[in-house]
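2 protein chains.
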Amino acid sequence: MGILVLRLGHRIKRDERVSAHCGLVARAFGADGIIYSGEKDDSLLKSIKKIVERWGNKFEVRYEKNWKKVIKDCDGKIVHLTMYGLPVQEKIDEIKNYKENLLIVIGGEKVPSEVYNLADWNIAITNQPHSEIAALAFFLDKLLEGKELKKEFKGKLKIIPQEKGKKILES
Amino acid sequence: MGILVLRLGHRIKRDERVSAHCGLVARAFGADGIIYSGEKDDSLLKSIKKIVERWGNKFEVRYEKNWKKVIKDCDGKIVHLTMYGLPVQEKIDEIKNYKENLLIVIGGEKVPSEVYNLADWNIAITNQPHSEIAALAFFLDKLLEGKELKKEFKGKLKIIPQEKGKKILES
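So the sequences go chain by chain: A and B. The opening position of the first sequence corresponds to residue 1 in our numbering, with each subsequent residue numbered one higher. The opening position of the second sequence corresponds to residue 172 in our numbering, with each subsequent residue numbered one higher.
Simulated from the structure, these hints should not be mistaken for lab results. Each residue gets a CB set at the ideal place from its N, CA and C atoms; glycine is no exception. Take the hints with a grain of salt, since some may be wrong.
Said to hold, decoys possible - Restraint ranges, calculated between C-beta atoms of paired labels, are given here:
#: 1; chain 1: A; residue 1: Lys69; chain 2: B; residue 2: Ile339; range: 29 to 37 angstroms
#: 2; chain 1: A; residue 1: Glu170; chain 2: B; residue 2: Lys322; range: 21 to 29 angstroms
#: 3; chain 1: B; residue 1: Glu334; chain 2: A; residue 2: Lys164; range: 24 to 32 angstroms
#: 4; chain 1: A; residue 1: Gly146; chain 2: B; residue 2: Pro332; range: 23 to 31 angstroms
#: 5; chain 1: B; residue 1: Leu340; chain 2: A; residue 2: Ile168; range: 19 to 27 angstroms
#: 6; chain 1: B; residue 1: Lys337; chain 2: A; residue 2: Lys96; range: 34 to 42 angstroms
#: 7; chain 1: A; residue 1: Ile12; chain 2: B; residue 2: Lys321; range: 34 to 42 angstroms
#: 8; chain 1: A; residue 1: Lys58; chain 2: B; residue 2: Lys229; range: 25 to 33 angstroms
#: 9; chain 1: A; residue 1: Lys99; chain 2: B; residue 2: Glu334; range: 17 to 25 angstroms
#: 10; chain 1: B; residue 1: Leu340; chain 2: A; residue 2: Glu109; range: 37 to 45 angstroms
#: 11; chain 1: B; residue 1: Ile331; chain 2: A; residue 2: Ser171; range: 49 to 57 angstroms
Claimed, not checked - Computed footprint of chain B on chain A, listed as stretches where at least three residues anywhere in the stretch have a Cβ under 8 angstroms from a Cβ of chain B:
#: 12; segment: 25 to 38
#: 13; segment: 159 to 168
From just these sequences and the hints, can you work out the full model?
In structure tokens:
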């Protein structure tokens with residue numbers, strides 16, 4: 001099973017940090033890559049790639065202007081995370097049972113209504129307003145059943161967990 | 172058990188959206204309030220309060236310049252979420268067993284080293300770089316064991332979950 005994330009509607013400057021968090025969460029919580037759509041932002045792509053290079057493992061990062069093409073080219077199923085969707089706790093088993101490729105779509109300030117129709121599942125992590133970053137982390141954790149916490153990363157940088165303070169090894 | 176979140180080192184403009192996401196996640200995932208430190212940002216506080224007013228329930232939102240005072244005045248224990256800490260999966264039961272007030276501290280670009288010492292637990296949600304927003308959502312979900320998903324909010328706005336599209340009631 002491959003898991004890609006599609007981040008819609010990126011806006012340079014305004015979304016810089018939120019979109020970066022989306023990419024880092026996708027990577028840290030076990031997705032295989034992130035595709036950004038919206039405004040093309042080379043510095044965003046570069047910053048995520050730099051993290052991948054330093055912290056390890058393969059992780060795809062790219063820009064695609066035509067988000068519809070990404071959805072239509074997907075050879076698996078589409079999960080769209082939205083506060084308007086069905087509760088994750090009711091649908092997660094169904095999604096887990098589908099063991100093929102998944103594309104997880106996250107907004108974006110204004111998600112085109114087509115996305116709701118193109119998605120196989122529109123899934124809400126609570127029906128309250130919060131954050132696509134939180135929704136993505138939460139969903140990946142439920143999908144991967146906590147296995148993402150045990151994922152080993154082999155990078156130049158490695159943290160040795162501490163009760164107090166920081167310990168980081170560089171190789 | 173009361174749960175408050177302390178968001179350190181807010182910077183106006185640069186952190187506007189990330190700090191807003193922290194507040195919304197705290198609320199949606201079952202915390203009782205958020206205290207912002209760093210630069211005083213009235214428009215941030217106002218935007219969160221407006222969401223609370225429209226979407227319901229009590230949720231404390233305030234600014235406190237002196238973050239050390241917030242930590243020292245806390246009559247419960249302090250959990251600091253940091254990529255340098257001990258794995259959440261090893262410590263969550265211990266934290267859950269402590270059934271009194273909790274203050275969850277999240278960074279901020281540069282967290283003062285004192286925070287690591289003042290915290291009762293320094294907890295990592297993976298030892299990879301990602302997002303305080305994701306860490307907060309993840310931690311609250313583990314702490315509240317999914318009960319946060321069933322929390323009822325009584326506000327002017329209410330979403331009726333849909334398989335496709337959006338349905339929102341306004342009262």
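Enumerated hints in conflict with the structure, sorted upward: 2, 3, 5, 6, 8 and 10
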